[in-house]
Each structure stands twice: as structure tokens, then as C-alpha cells.
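Just need the whole structure built from these sequences, with the hints factored in.
Chains as they are written, first to last, in the numbering used here: chain A, 1 to 429; chain B, 430 to 675.
These are computed hints drawn from the structure, not numbers from a lab. Hints are not guaranteed to be accurate.
With a straight-line cut-off of 30 angstroms between C-alpha atoms, the simulated DSSO-like cross-links for lysine-lysine are [stated by the list, open to error]: (1) B:589 - B:504; (2) B:431 - B:574; (3) B:653 - B:570; (4) B:574 - A:375; (5) A:194 - A:324; (6) A:160 - A:229; (7) A:375 - B:431; (8) B:504 - A:375; (9) B:653 - A:356; (10) B:654 - B:469; (11) B:500 - A:236; (12) A:229 - B:469; (13) B:599 - A:153; (14) B:504 - A:231; (15) B:500 - A:212; (16) A:385 - B:574; (17) B:653 - A:385; (18) B:669 - A:385; (19) A:359 - B:456; (20) A:389 - B:599; (21) A:194 - B:574; (22) B:469 - B:431; (23) B:574 - A:389; (24) B:570 - A:375; (25) B:507 - A:216; (26) B:645 - A:375; (27) B:640 - B:505; (28) A:229 - B:500; (29) A:385 - B:589; (30) B:507 - B:534; (31) B:589 - A:216; (32) A:236 - B:505; (33) A:375 - B:653; (34) B:456 - A:356; (35) A:216 - B:505; (36) B:504 - B:531.
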Amino acid sequence: MNFLILLLGKSLSKLSKILNLGHGSTWPGHIALRLNPAFIDQVLKKSKTKVILVTGTNGKTTTAKLLQTIFEENSKKVFLNSSGANLLNGIASSIILGSNLKGNLSFDYAIFEVDENTLPQITETLEPDFIIALNLFRDQLDRYGEINTIARKWKNSYQKLHKTQFILNADDPQIAYLGNNLDSKVYYFGLNDKKFEYTTQQHAADSILCPKCGTKLTYEAFYFSHLGKWKCDNCKLGRPIPSLENFEYYPLLGTYAIYDTLAAVLTAQTLGINSGQITAALKTFKPAFGRQEIMEIDGKKVQLFLSKNPTSFNESLRTINESKAKNLLIVLNDRIPDGTDVSWIWDIDFETLIDKNTKLYLTGDRVYDLALRIKYSGIPISDEKIFEKLEEAILKGLTETNNDEVFYILPTYSAMLETRKILTGKKIL
Amino acid sequence: MKLIIGWLYPTLMNIYGDRGNIIALQKRCEWREIQTEVIKLDVGFTENELEKCDILLMGGAQDKQQEAVSKDLFKKAKALQAMIEKNIPGLYICGAYQFLGKYYKEANGNIINCLGIFDLYTENPGENAKRLIGNAVFENKKFGKVIGFENHGGRTHLGKNIALFGKVVKGFGNNGLDQTEGAIYKNSFGTYLHGPILPKNPILTDYLISKALEIKYNQQIILKKLNDNLEQRARLAIAKRLSVGI
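Right under this line is the structure:
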């Protein structure tokens, strides 16, 4: 059965490439699962490939890429579900591409990015060797629902897994609590560095109630949003002591990216790769698609900071601000991958996170909502900085950026893909 | 002049960018040299603090947060009711709006008692019924087209002793059936519209400000006109997309 599926799937992928129907990344998988719902599990069980799931609201792609780099630089073979196809069909498709016709996977590790909502579905289908849970932030309520619901579903799924090892964020109360009463091995990462601490909370913060008893949590320090040194004064639940709290080398800027690095490093260490090997690997790291990715356009540096929700937006702004940005373009779309509700932009701390010396350009499907938000944060914004067309905004920003400066672009998800297309010349200006 | 804004449960009931409503009130006062002060009424606030406020705002939340708020608010229900009866202007969004009604019936039939200040009740038809989500527009005689975004599972039904906030033009409104959206009782407004609602509906924002000042200073208030070009363009952009004339 699986032989035929693999044959069919592989030809379909090839066909879609020949016909230039895009990567064809999910439909071979879709067909495979229709023909054999147990396809993923069967192929994986037969192989020695260790399966690592990466989940959480922010940082999945970066963490997966960090791990991939560490593994590959240490001569391991890795395959992952790339191009954001992080649903079951995408995973099945990755397997079709990554195995021979006998269904043998010749890889040491499979790294799958898994959506918050898909995780329970996936763990019904396969028992992974590792689950890395990064964080849970409010993201696209119109699509994903409320974070408490997600956390509850995760807890149910985790309890059914017995051989999976967990890499959990100690600083995110909801995530840390997931590690309670599990049969399997749990490893925590967290931050412990005064340099990153804040004593007041950001407006975007959400999970501030105790995940166990519902009492408001107290914090000794915040790192960002609701991540920090937390404890519950009522039921005495507290932040677990992490086995990894800092590392000698961070390839990316920003507190959020440091968490991603810690998660990847801890996983690699658990698998027996030592710090020296990890650091050497991380020094070769290249950011994923749009995640602090740097491009050179006409001798000018452009850096993309994908920002999908208030938390990642705040963190991107903070990082950009620390780099003394001169030119910043914000692109707000409201398509399905961005979330159709844009009210979250009012939870971003523009008031404190945009320097008055930064030249600001605005565009996107909801450019006027964005402009309104900027106006009400007290930052002057003139009409000539508001663009209905993304191409024009990019052109204007690039023109006004000097050769020794960086043109920072902060897009939502679909806006990032569009921006990249324009910048890489795949879409004509 | 000075306006004291009471923000009910800012840390727990702030989920859909409702903080934008506070910002809109503050800025539109500031631009007219009206002073503002925001009192954050979090769990454990006193009736004294509440009574100082000239205008009240309360947003929506996730279920768990809503439970914690419910426990606290019941203790001060009388004080809140007295203020609403005294015509103190207020804006109550989504979860807060439901909470002013008589009860909320959960999907499993369980009834959660609410404050009973508004003559309405809400029912959750269960996880299989679809949530009412999307850009939304309703029409009110005084405020014209009110534009926002709705996202709610509960279906609200108005009783006889309460007026609707407006008639649905685009979207679902209170229950997706009877074309009503929100509710008005005295100077208190309940609605499902996020967006947040106030920045993009400056007529409504200014109405709330002037009402609050009129009641506080017992005199007629005429607010200075502001340049609302950007607000207008933001309204037009979404109205155009929804094929609604404004």
C-alpha cells in the first residue's frame, strides 16, 4: 500500500514542479493520508529517524532552523516540513519526498513545525521522540481560539504520550505547567539574566493567571510579555528550575530569539551534542525566511522582522529600536494567515517603542487602521508616509535609506511573503 | 475640565485590543485640552474608586479570566448599577456586555447568573455552532454607520426593556438572526464590536466624552472639532471593501 502511495506522491510532486504549480508541498500528502490514514506513523515507525515536534505561538520556524543547523553541522541528516506547510498533509508530503519507495527514511532527525491547534491531532497519529513547546501567546483569536483552550488540549495530549521527551519553557506559566505529572522526561529552559529583565508588564501580556488555580500570578521579573520569573502565592505553583538558563553564543538579536536558541541548544545537548559543537554550528546559522533575514538590494541592507501578534511585534520593535533604526516600514495585512482581525495592533506599545528619529513608512491591506494606531500613539504621521501599494512603500523606503543604513521592514505573515517576492525580484516593481 | 475614565479590569478583560478605546478617549480629550485620568479598576477595587469615575469602559476576556472577574464584580454590582442608573456613560464590549445581562447559558445548559442590569440574556449554542466572526457594520440614527470587528460564540437576545444599539448592516450582530446589534440603556452602551470600536467611530467617542462632561459639570458641552481625515479614510477603506456606503 505505502509503496503505491509513495510512488504516486513522488510523481505528483514532480509533476507539480514541472507544471510550475508552486512547490506542490501539501497535496501529495493530502492524497497519501486519504489512501492510508496511518501513513505517517507507519513510515516513521519503520525508520530510525527521531521525530522532533516544535510548537508554540512564536519562534517555531526559527527554532527548527537552529536545530537543523546544529544537526547538519554535526554531520546528521535532517529533514523538515519547510515552506510553512505545518499541517498533517505537509508532514506526509515531507515524508514522501524524504523517503525511498520502500518507505525507508534515511534521516537521523525529522523536525516538524506544528501549529498550536494541530498538535493534538498529530500526537494522535504519531508518538514523537521530542516535543519542544516554546510559548503560548494570543495570536489570531479569529482562527486559533483562546489560549486557555489550547493549553487544555495540549495537556490532554501530552498525558497520553509515554516515551516522548519534553523541552519546555519554564518562564511561560502555561507551558511550564504542562510538564506537571507527566510520565516522560521533562527538561526546562528559561532565562536568568538581569540584562533582559523588566519590572513592568507589557500591554500585550495575557497569561497572568495561575494555570493551576486561576489566581493572579506574581512576578519577580518579566523578560517579555508574560514570560518571566513567576509564582503563584495561592497554590504555590512556581517556575520550575531550568536545566539551561544561558548559552555562550546567540546567533540572533532579541530576547525572543534567545529563548528559541535556548530551546534548540537544550534539545541538542539532550541528544548528546556538546556546547563546543553547538556553538561552532550556530556560528554558521542563517536566519529563516523573513525572520531577521538580511537581504542586499542595490548595495543597501534590508532586514525583515516577521511579526505576527502583539508580542512578536513588541519584541521586533524593541530589537529594531535598539539598533537605532533610521528607516522602518510596517506592513499590516489582514488575510487568513495574518488573522482577519487587526484589533491587536492596539496592544502594541508603539508609544514607547518607536524612536522619534526613525522615519516611519506604512502600508498593507489595513494601512489606514495602522496609520490611525500610529496617530493615536502620538507619533506624527504625514500622508506621504502612508502607502496603499506595497511596491511604492518599499521603493520610497529604499530610496530614502542611505548606503550605510539598514532599511527595516516589519511585516505580518502574508505581507512578509509579498515583500520577499518584491525584494527578490520575483514580482516586478 | 477633567474626565476621569474608569477602566474595569484592564489586566483581565483586555483581550481584543480594547485598550484602544481608552487611548481614543484620552487622545481626543488631550487634543482639546481636556485633562484625563485613567483609574484602573482591577480585581479588588473599591466602590469609592468606582464612584469617582465619569465614564466607564470594560472589555472582553477569555473564559478563565471572565470567571475571576465575575467573582469580584458581583461584590460591587450594586455600586455599578447605581452609576448606570445615574446616567454615567459607559461602553461595555463583548464579555462585559453579556455580563450586564441576566444570564449566560453555557453550551452544556449550565446557567451563569449575570448582573441583570440590562434586560437581555445570552446563550452559547455549543462548540459545533460557528463563532460569529468578521468585519461588521451597524447603523445607529445618532452615530451613523458604526464599524468594527466581531468575534463571539454567544448569542444575545434583547428583552422588552432595552433598546438596540443599532441595526446590522454587515455581519451578525447580537445573534445572527434578528439584525439587532448591541444594546443601549440610559447612557450605557453594550456591543459585540471590537476593532477597537472607538478610534474608528469618532462620533461615538465624542458623544461619550461630551455626555460624561455634561453630567459631571451639569452644563451643555460643545466639543472643539478635530481633524478626522485619517479616521474617515480608515472608515472608508473598510466600508468600500464591505460594499457599504457611509
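Right, here's what the structure says about each hint:
A threshold of 30 angstroms between alpha carbons decides the hint, and for residue 589 of chain B with residue 504 of chain B the separation of about 27 angstroms falls inside it, so the pair holds. Proposed proximity of residue 431 of chain B and residue 574 of chain B is supported: the alpha carbons are some 29 angstroms apart, at most 30 angstroms. Only pairs whose Cα atoms come within 30 angstroms are accepted, and residue 653 of chain B paired with residue 570 of chain B is accepted, the gap being roughly 22 angstroms. Between residue 574 of chain B and residue 375 of chain A, the direct Cα distance comes to roughly 22 angstroms. Compliance with the 30 angstroms bound is thereby established for this hinted pair.
With a C-alpha separation of about 22 angstroms, the suggested pair residue 194 of chain A and residue 324 of chain A falls inside the 30 angstroms cut-off, and the hint holds. A hinted pair counts as satisfied when its Cα atoms are at most 30 angstroms apart, and residue 160 of chain A with residue 229 of chain A qualifies at roughly 29 angstroms. Only pairs whose Cα atoms come within 30 angstroms are accepted, and residue 375 of chain A paired with residue 431 of chain B is accepted, the gap being roughly 22 angstroms. As the CA atoms of residue 504 of chain B and residue 375 of chain A are separated by approximately 39 angstroms, the hinted pair breaks the 30 angstroms bound.
Taking the CA atoms of residue 653 of chain B and residue 356 of chain A, the gap is near 28 angstroms; set against the 30 angstroms cutoff, the hint holds. Pair hint residue 654 of chain B plus residue 469 of chain B holds up; C-alpha atoms about 29 angstroms apart against a cutoff of 30 angstroms. Using a Cα cut-off of 30 angstroms, the hinted pair residue 500 of chain B and residue 236 of chain A holds, with the two alpha carbons roughly 21 angstroms apart. At most 30 angstroms may separate the alpha-carbon atoms for a hinted pair to count; residue 229 of chain A and residue 469 of chain B meet this at roughly 24 angstroms.
Of the pairs offered as hints, the one joining residue 599 of chain B and residue 153 of chain A is violated, with about 34 angstroms between alpha carbons and a cut-off of 30 angstroms exceeded. Between residue 504 of chain B and residue 231 of chain A the CA atoms are separated by roughly 27 angstroms; this keeps the pair inside 30 angstroms, and the hint holds. Pair hint residue 500 of chain B plus residue 212 of chain A holds up; C-alpha atoms about 17 angstroms apart against a cutoff of 30 angstroms. Restraint check for residue 385 of chain A and residue 574 of chain B: the C-alpha separation of about 28 angstroms stays at or below 30 angstroms, so the hint holds.
Among the hinted pairs, residue 653 of chain B with residue 385 of chain A is consistent with the structure: their alpha-carbon atoms are about 27 angstroms apart, no more than 30 angstroms. Between residue 669 of chain B and residue 385 of chain A the CA atoms are separated by roughly 22 angstroms; this keeps the pair inside 30 angstroms, and the hint holds. A threshold of 30 angstroms between alpha carbons decides the hint, and for residue 359 of chain A with residue 456 of chain B the separation of about 22 angstroms falls inside it, so the pair holds. Between residue 389 of chain A and residue 599 of chain B the alpha-carbon distance is near 26 angstroms, which keeps this suggested pair within the 30 angstroms criterion.
Taking the CA atoms of residue 194 of chain A and residue 574 of chain B, the gap is near 50 angstroms; set against the 30 angstroms cutoff, the hint is violated. Our distance criterion of 30 angstroms between C-alpha atoms is met by residue 469 of chain B and residue 431 of chain B, whose separation comes to about 17 angstroms. Under the criterion of a C-alpha separation no larger than 30 angstroms, the hint pairing residue 574 of chain B with residue 389 of chain A is consistent with the structure, at around 27 angstroms. A hinted pair counts as satisfied when its Cα atoms are at most 30 angstroms apart, and residue 570 of chain B with residue 375 of chain A qualifies at roughly 28 angstroms.
Of the supplied pair hints, the one linking residue 507 of chain B and residue 216 of chain A holds, its CA atoms being roughly 25 angstroms apart against a limit of 30 angstroms. Proximity of residue 645 of chain B to residue 375 of chain A is assessed by CA-CA distance (about 28 angstroms); at most 30 angstroms being required, the pair is judged to hold. Of the pairs offered as hints, the one joining residue 640 of chain B and residue 505 of chain B holds, with about 24 angstroms between alpha carbons and a cut-off of 30 angstroms not exceeded. For the proposed pair residue 229 of chain A and residue 500 of chain B, the alpha carbon gap of about 27 angstroms is at most 30 angstroms, so the pair holds.
Between residue 385 of chain A and residue 589 of chain B the alpha-carbon distance is near 50 angstroms, which puts this suggested pair outside the 30 angstroms criterion. A C-alpha spacing of about 23 angstroms is found between residue 507 of chain B and residue 534 of chain B, which places the hinted pair at or below 30 angstroms, so the restraint holds. Note on residue 589 of chain B and residue 216 of chain A: the hinted pairing is violated, with a Cα-Cα distance of about 39 angstroms set against a maximum of 30 angstroms. Taking the CA atoms of residue 236 of chain A and residue 505 of chain B, the gap is near 29 angstroms; set against the 30 angstroms cutoff, the hint holds.
With a C-alpha separation of about 18 angstroms, the suggested pair residue 375 of chain A and residue 653 of chain B falls inside the 30 angstroms cut-off, and the hint holds. Taking the CA atoms of residue 456 of chain B and residue 356 of chain A, the gap is about 19 angstroms. The hint holds against a cut of 30 angstroms. Simply put, residue 216 of chain A and residue 505 of chain B have alpha-carbon atoms about 19 angstroms apart, close enough for the 30 angstroms limit, and the pair holds. This hinted pair checks out: residue 504 of chain B and residue 531 of chain B have alpha carbons roughly 16 angstroms apart, not beyond 30 angstroms.
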